[in-house]
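Construct all of the structure, not just a fragment, from the sequences and the given hints.
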Amino acid sequence: MSNETLINKDGLRIDGRKLHELRPTKIEVGVLSNADGSAYIEQGKNKILAGIYGPKEVHPKHLERPDRAILRCRYHMAPFSVDERKSPAPSRREIEISKVIREALEPAVFLEYYPRTAIDLFIEVLQAHGGTRCASLTVASLALADGGIPMRDLTAACASGKVDGKLVLDLNDIEDKKGEADVPLAYMPNLDVITLLQMDGQLTIEEFTEAINLSLEGCKQLHVLQKEALKSKYISVREGVKE
Amino acid sequence: MKNDSVNRGSGQWVVPGSFLGVIEEFTPGAGTYADKGKIFANVGGQTLLDMQNRTVAIFPATKGVKVPQVGSYVVGQVSKMQSKTAVIRILKIGKEALSGVFSGLLYISDASQSYVDSIHDVCKAGDIIRAKVISQTNRLNHLSTVERQLGVLYAFCSQCGHLLQQKRYKMQCDNCGKVERRKTAEDYGQAIISDGDKEYESKDSAQKQERARD
Numbered sequence: 001m002s003n004e005t006l007i008n009k010d011g012l013r014i015d016g017r018k019l020h021e022l023r024p025t026k027i028e029v030g031v032l033s034n035a036d037g038s039a040y041i042e043q044g045k046n047k048i049l050a051g052i053y054g055p056k057e058v059h060p061k062h063l064e065r066p067d068r069a070i071l072r073c074r075y076h077m078a079p080f081s082v083d084e085r086k087s088p089a090p091s092r093r094e095i096e097i098s099k100v101i102r103e104a105l106e107p108a109v110f111l112e113y114y115p116r117t118a119i120d121l122f123i124e125v126l127q128a129h130g131g132t133r134c135a136s137l138t139v140a141s142l143a144l145a146d147g148g149i150p151m152r153d154l155t156a157a158c159a160s161g162k163v164d165g166k167l168v169l170d171l172n173d174i175e176d177k178k179g180e181a182d183v184p185l186a187y188m189p190n191l192d193v194i195t196l197l198q199m200d201g202q203l204t205i206e207e208f209t210e211a212i213n214l215s216l217e218g219c220k221q222l223h224v225l226q227k228e229a230l231k232s233k234y235i236s237v238r239e240g241v242k243e
Numbered sequence: 244m245k246n247d248s249v250n251r252g253s254g255q256w257v258v259p260g261s262f263l264g265v266i267e268e269f270t271p272g273a274g275t276y277a278d279k280g281k282i283f284a285n286v287g288g289q290t291l292l293d294m295q296n297r298t299v300a301i302f303p304a305t306k307g308v309k310v311p312q313v314g315s316y317v318v319g320q321v322s323k324m325q326s327k328t329a330v331i332r333i334l335k336i337g338k339e340a341l342s343g344v345f346s347g348l349l350y351i352s353d354a355s356q357s358y359v360d361s362i363h364d365v366c367k368a369g370d371i372i373r374a375k376v377i378s379q380t381n382r383l384n385h386l387s388t389v390e391r392q393l394g395v396l397y398a399f400c401s402q403c404g405h406l407l408q409q410k411r412y413k414m415q416c417d418n419c420g421k422v423e424r425r426k427t428a429e430d431y432g433q434a435i436i437s438d439g440d441k442e443y444e445s446k447d448s449a450q451k452q453e454r455a456r457d
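So the sequences go chain by chain: A and B. Numbers 1 to 243, taken from our numbering, label the letters of the first sequence in order. Numbers 244 to 457, taken from our numbering, label the letters of the second sequence in order.
Quick caveat, the hints were computed from the structure, so don't treat them as lab data. Worth double-checking, as some hints may not be accurate.
Listed next, the in silico BS3-like pairs over lysine-lysine satisfying Cα-Cα at most 27 Å (straight line) [what the hints assert, rightly or not]:
#, chain 1, residue 1, chain 2, residue 2
1, A, K9, A, K47
2, B, K375, A, K56
3, B, K279, B, K410
4, A, K220, A, K45
5, A, K56, B, K323
6, A, K47, A, K26
7, A, K220, B, K279
8, A, K231, B, K338
9, B, K421, A, K26
10, B, K410, A, K61
11, B, K323, A, K220
12, B, K306, A, K56
13, A, K18, A, K61
14, B, K410, B, K306
15, B, K279, A, K61
16, A, K61, B, K375
17, B, K375, B, K279
18, A, K56, A, K18
19, A, K47, A, K178
20, B, K410, A, K231
21, A, K231, B, K281
22, A, K18, A, K177
23, B, K279, A, K56
Anything over 12 Å on all C-beta distances counts as not near chain B; from chain A, calculated [as the list claims (entries may be wrong)]:
#, residue
24, D36
25, R74
26, E94
27, I174
Derived list of chain A stretches under chain B, where covered just means 3 residues or more per stretch with a C-beta under 8 Å from a C-beta of chain B [said to hold, decoys possible]:
#, region
28, 140 to 152
29, 205 to 213
30, 223 to 237
Quick reminder that beta carbons are idealized off the backbone N, C-alpha and C, glycines included.
Here it is, written out as structure tokens:
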């Protein structure tokens, strides 16, 4: 397997993308009728659903904060989302990703507007194919916006990494597992603030800087898609009112 | 980022984080915030530029976030009775149903304009009640049912659980004949409490839409 190349002679990756190309992405906002806000993303073979509920009263009471709302996040992978059945119980990895997503979204949300309340965010990965933490962040930010929660900015997230000695954007599952490094990054484009930065594998300082810039470019492209998805939802709502 | 501000006029669609202008040209209004001298949207919707007063605001496209505030009218269910208070699970604020619940406290002295002997003459556990938030001291939503349109909307017999019928000075159960007392709202038995309905319907349209409760 190690002889198999991830990038072919023409400089194309195993799924036919160029080195600095995102996976085809489809975003839809307002897909769940019972949630206060929701969104759905398909990024390549990733399929992720996010819903938010609240602000609502905090239970258990000791978690509530007198000066702000708390954001509670659950990232969960469906048992059928990966090749081998995954136990539905939250794994160590899922608990950590929940925390990482929550901390990446907290700077974007005006939590101080709703003291002593909780905002619950549920992210369900229906199909996983690499880069789900980034796609989850992208879609969670839209679910919050759809719920009317005041936010400083939308958060877009995208990974870049090193595969076959070359820096590539938006790694899929195979590239993530066989590649040399992976740099997920979340970004608020209007404020120019990075809210999540992780690295797995090894990169030189030059490669790392370049990888960050690559991820930032990916986030900016995703942000355009996020804006389009939100605006088309707003316009459809407005038309629904007129009818 | 900058291209959002090129077209100056009301009615532009914006998303949270969209750049709207700088604080030298506008005062940030509802749905906006200022950061380092720049004004951004904090909710999605359409811009409202007031060139006379130099303010910018957002007309939100999403349904607003609902939390109880002093002065808001709420509908809820009585969950627990204590000797002088009733604990109410708030299910609806204004005309929007909540996905979660908030709790509120109705104290006997805030229940009615006239003297009441006992909180049990105001409401009982399980009743649907409309109230107003009068204070939020001690981290509690203190409720009042003094106004005419406030009070019990649907009361249930404490003996058999059937809907009580309002007679002149009393509440009576058609099923078992038990007589009880309540502080009722003026539209007792006719209020619509589902999501999105108008909070105070006129009486005939309310009757038409009233769904069978059992």
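Against the structure, the hints come out as follows:
1. Between A:K9 and A:K47, the direct Cα distance comes to roughly 30 Å. Violation of the 27 Å bound is thereby established for this hinted pair.
2. Using a Cα cut-off of 27 Å, the hinted pair B:K375 and A:K56 holds, with the two alpha carbons roughly 18 Å apart.
3. Pair hint B:K279 plus B:K410 does not hold up; C-alpha atoms about 63 Å apart against a cutoff of 27 Å.
4. Only pairs whose Cα atoms come within 27 Å are accepted, and A:K220 paired with A:K45 is accepted, the gap being roughly 21 Å.
5. Proposed proximity of A:K56 and B:K323 is supported: the alpha carbons are some 19 Å apart, at most 27 Å.
6. Taking the CA atoms of A:K47 and A:K26, the gap is near 10 Å; set against the 27 Å cutoff, the hint holds.
7. Between A:K220 and B:K279 the alpha-carbon distance is near 22 Å, which keeps this suggested pair within the 27 Å criterion.
8. In summary, the hint linking A:K231 to B:K338 is supported, as the alpha carbons are separated by about 25 Å, within the 27 Å threshold.
9. For the hint linking B:K421 to A:K26, the alpha-carbon distance of about 61 Å lies beyond 27 Å, and the restraint is violated.
10. This hinted pair does not check out: B:K410 and A:K61 have alpha carbons roughly 42 Å apart, beyond 27 Å.
11. For the proposed pair B:K323 and A:K220, the alpha carbon gap of about 52 Å is over 27 Å, so the pair is violated.
12. At most 27 Å may separate the alpha-carbon atoms for a hinted pair to count; B:K306 and A:K56 meet this at roughly 15 Å.
13. As the CA atoms of A:K18 and A:K61 are separated by approximately 51 Å, the hinted pair breaks the 27 Å bound.
14. Annotation: proposed proximity of B:K410 to B:K306 is violated, straight-line Cα distance about 39 Å (limit 27 Å).
15. A distance of roughly 36 Å separates the Cα atoms of B:K279 and A:K61; the hinted pair therefore is violated under the 27 Å criterion.
16. Between A:K61 and B:K375 the alpha-carbon distance is near 24 Å, which keeps this suggested pair within the 27 Å criterion.
17. For the suggested pair B:K375 and B:K279, the alpha carbons sit about 39 Å apart, so the restraint of at most 27 Å is broken.
18. About 45 Å separates the Cα atoms of A:K56 and A:K18, which puts this hinted pair outside 27 Å; it is violated.
19. The suggested pairing of A:K47 with A:K178 holds, with an alpha-carbon distance near 22 Å, which does not exceed 27 Å.
20. The straight-line distance between the Cα atoms of B:K410 and A:K231 is roughly 53 Å, outside the 27 Å bound, and the hint therefore fails.
21. For the suggested pair A:K231 and B:K281, the alpha carbons sit about 22 Å apart, so the restraint of at most 27 Å is met.
22. For a cut-off of 27 Å, the pair hint linking A:K18 to A:K177 stands: about 19 Å separates their Cα positions.
23. Simply put, B:K279 and A:K56 have alpha-carbon atoms about 31 Å apart, too far for the 27 Å limit, and the pair is violated.
24. For A:D36, the requirement that its beta carbon stay farther than 12 Å from each beta carbon of chain B is not met, with the minimum near 5 Å.
25. Distance check for A:R74 against chain B: the nearest CB is about 15 Å away, which clears 12 Å, and the non-interface claim stands.
26. With a minimum CB-CB distance of about 23 Å to chain B, A:E94 clears the 12 Å threshold, and the non-interface call stands.
27. Distance to chain B confirms A:I174 as a non-interface residue, since its nearest Cβ pair spans about 34 Å, more than 12 Å.
28. Only when three residues or more bring their CB closer than 8 Å to a CB of chain B does the claim for the region 140 to 152 of chain A stand; here the count is 8, and the claim holds.
29. Only residues whose beta carbon comes within less than 8 Å of a beta carbon in chain B count, and the region 205 to 213 of chain A has 0; fewer than three means the coverage is violated.
30. Here the region 223 to 237 of chain A counts 8 residues with a CB under 8 Å from a CB of chain B, which clears the bar of 3, and the coverage holds.
The structure shown violates the earlier hints numbered 1, 3, 9, 10, 11, 13, 14, 15, 17, 18, 20, 23, 24 and 29.
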